[in-house]
Amino acid sequence: MQEKLLEVSNISISFLQYSAGLRQSNLKVISDLTLDISSGEIVAVLGSSGSGKSLLAHSILGILPSNASLSGKMTYLGKDLNQKRKEKIRGDEIALIPQSVNYLDPLMKVSNQVIGECENEEDKKSKLLKQREIFEKYGLSKEVDDMYPFQLSGGMARRVLVSTALISNPKLVIADEPTPGLDEKSVEETLNHLRQMAQDNVGVLLITHDIDAALSVADKIAIFYAGYVIEIANVEDFSGNGENLIHPYTKALYNALPQTDFKLTTGHQPLHGELPPGCPYFERCDNPTEKCSNNLPILTEISDKKVRCYRANEFKNNNVAIKEESSDELHHTDEIGSFEELNYSEKLDYIEEKDSSKEAGV
Amino acid sequence: MKLQGENISFKYPSSKEYIIKDLNISLKSNEIKGIVGDSGCGKSTLCKILSGYNKSEGKITIDGIENNAKNKFNPIQLIFQHPELTMNPKWKMKDILFESWDVDSELIEEFGIQKSWLNRWPNELSGGELQRFSVLRALSPKTKFLICDEITTMLDAVTQVQIWDLVTKIAKDRNIGLLVVSHDKALVERICDDVIYFDEINQSNLKEL
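First to last, the sequence lines map onto chains C and U. Quick note on numbering: my numbering labels position 329 of the first sequence as 329, and the sequence is numbered without any gaps. Quick note on numbering: my numbering labels position 40 of the second sequence as 40, and the sequence is numbered without any gaps.
One or more of the hints may lead you astray.
[Claimed, not checked] Simulated coverage check for chain U against chain C, where a stretch passes if three residues somewhere in it have a Cβ under 8 angstroms from a Cβ of chain C:
#, stretch
1, 27–36
2, 103–109
3, 126–139
[Said to hold, decoys possible] Cross-link-like lysine-lysine pairs, in silico, BS3-like; alpha carbons within 25 angstroms at most:
#, chain 1, residue 1, chain 2, residue 2
4, U, K59, U, K142
5, C, K185, U, K59
6, U, K48, U, K16
7, C, K28, C, K291
8, C, K185, U, K142
9, C, K142, C, K124
It is worth saying that the hints were derived from the structure and are not from the lab. Every residue, glycine too, gets a C-beta built ideally from N, C-alpha and C.
Working from the sequences, and respecting the hints, build out all of it.
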């Protein structure tokens with residue numbers, strides 16, 4: 001049965017910085033983030049590197065640095081999740097799979113690291129049994145127990161980190177960039193571990209910039225743009241020409257993959273501290289309205305998805321007249337891709353033109 | 001012009017095992033060639049050898065003349081995966097950019113680099129923006145061959161397309177030979193005219209030993 005594990009609503013994270021001399025400024029890194037995770041579900045948070053995704057993990061665990069301030073609300077199993085509760089349940093009910101294998105202690109045997117602190121001998125014995133069981137599950141033989149981290153291969157060290165997260169029977173696992181720097185086989189292996197956890201009814205929050213990895217395991221994908229979540233889409237929507245995706249950035253992202261269209265989109269993500277007052281995607285959007293430049297759209301629910309866009313309903317039904325793009329911008333799209341984006345009358349024109357040219361050819 | 005690597009073999013001085021064995025590779029001007037291989041198979045090592053950063057057995061020649069990069073501008077330029085590690089944090093972007101060659105302002109605009117970025121420190125720009133600088137920095141008129149070692153691996157898909165669009169366009173314009181190295185097969189096959197599957201070739205050579 002699925003139960004709602006964690007609900008994060010409207011959280012913002014900002015940093016207090018010294019700019020010139022003793023002047024202080026507030027740098028907003030995550031704005032108005034809303035997300036929820038149920039048990040047995042894998043939710044991926046997808047954003048480019050340096051966009052502040054890891055801070056989400058740190059805020060859930062309550063390990064933000066002291067100059068960061070957090071606003072908004074988090075609930076865990078229906079109850080408010082404050083700093084005190086975070087400190088109590090982190091490591092037990094909420095576990096972290098860290099980004100890098102450097103998080104292992106180089107001077108400590110692997111098995112001791114996995115079981116962590118023990119109250120007495122009995123506790124240690126039972127934990128060691130549990131650790132053996134988990135290691136067995138991940139194909140780590142008995143010799144590995146007594147090894148030091150430097151004796152492990154990259155893939156083995158990953159499995160040890162996963163075991164560390166699982167030893168306390170967590171209900172929620174946060175995997176913070178578990179795949180970069182690994183070869184294809186190890187990536188597949190790591191993702192399989194996440195899948196297995198979800199099958200055991202653990203909720204998984206996967207934080208990544210690797211869209212392939214996210215697409216292959218996640219149920220839901222939250223797309224990060226300039227510190228905002230702009231769309232929470234189902235994984236099935238990332239297929240075909242991306243016609244089921246709603247937000248223009250999500251579409252652009254999907255169509256930019258080498259496996260799809262490799263389509264060029266101009267412009268940059270605004271930097272932290274230079275966010276426009278309105279929609280963060282306003283400058284790059286092909287079809288903005290006047291409202292978009294000054295007012296920030298909120299994340300609204302559309303059928304089973306959530307989108308932050310004023311024209312979401314129109315984009316969803318694909319009935320927005322797309323501005324005529326210059327051939328220069330279109331040179332990466334193939335014929336079918338651009339055809340999908342035409343509106344109805346343009347499509348008719350296109351077909352007629354094709355037909356007439358065919359006849360002429362015959 | 002033709003860049004040629006003949007019988008390249010490489011091992012670290014401390015070990016006996018070869019990482020690369022008897023590899024032959026050639027790259028012509030105006031050619032876009034790709035190398036695909038898993039992480040850790042020696043792609044980056046090969047890049048460094050070709051551009052003269054690492055010494056190896058075998059010969060690296062340009063039109064039959066051995067490339068000696070000492071005391072002059074290296075016509076084989078290498079761009080790395082992490083731009084933030086290749087820039088001096090104590091220098092502003094303009095100093096970093098103009099250190100290598102006298103970049104004209106048209107090209108800066110073409111690269112989508114805004115004037116205000118030139119007055120910033122490296123830590124005030126994102127990875128995609130920094131990578132534009134490192135590509136531009138390598139594109140001196142004297143550059144004849146450009147080796148791109150996983151230059152878009154850390155970037156999101158939209159920025160990745162932007163960077164490759166720029167690099168391939170400039171390479172075609174300037175008649176530069178481009179070597180694209182990545183673990184991402186789909187990407188390399190999308191950009192390149194010709195793809196080398198590094199693992200297969202290298203492994204078979206290593207087995208012969």
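Hint check:
1. 27–36: violated (count 0)
2. 103–109: violated (count 0)
3. 126–139: holds (count 4)
4. U:K59 x U:K142: holds, 22 angstroms
5. C:K185 x U:K59: At roughly 34 angstroms apart (the allowed maximum being 25 angstroms), U:K59 and C:K185 break the hint.
6. U:K48 x U:K16: holds, 20 angstroms
7. C:K28 x C:K291: holds, 23 angstroms
8. C:K185 x U:K142: Roughly 41 angstroms separates the two Cα atoms, so the pair is violated.
9. C:K142 x C:K124: holds, 17 angstroms
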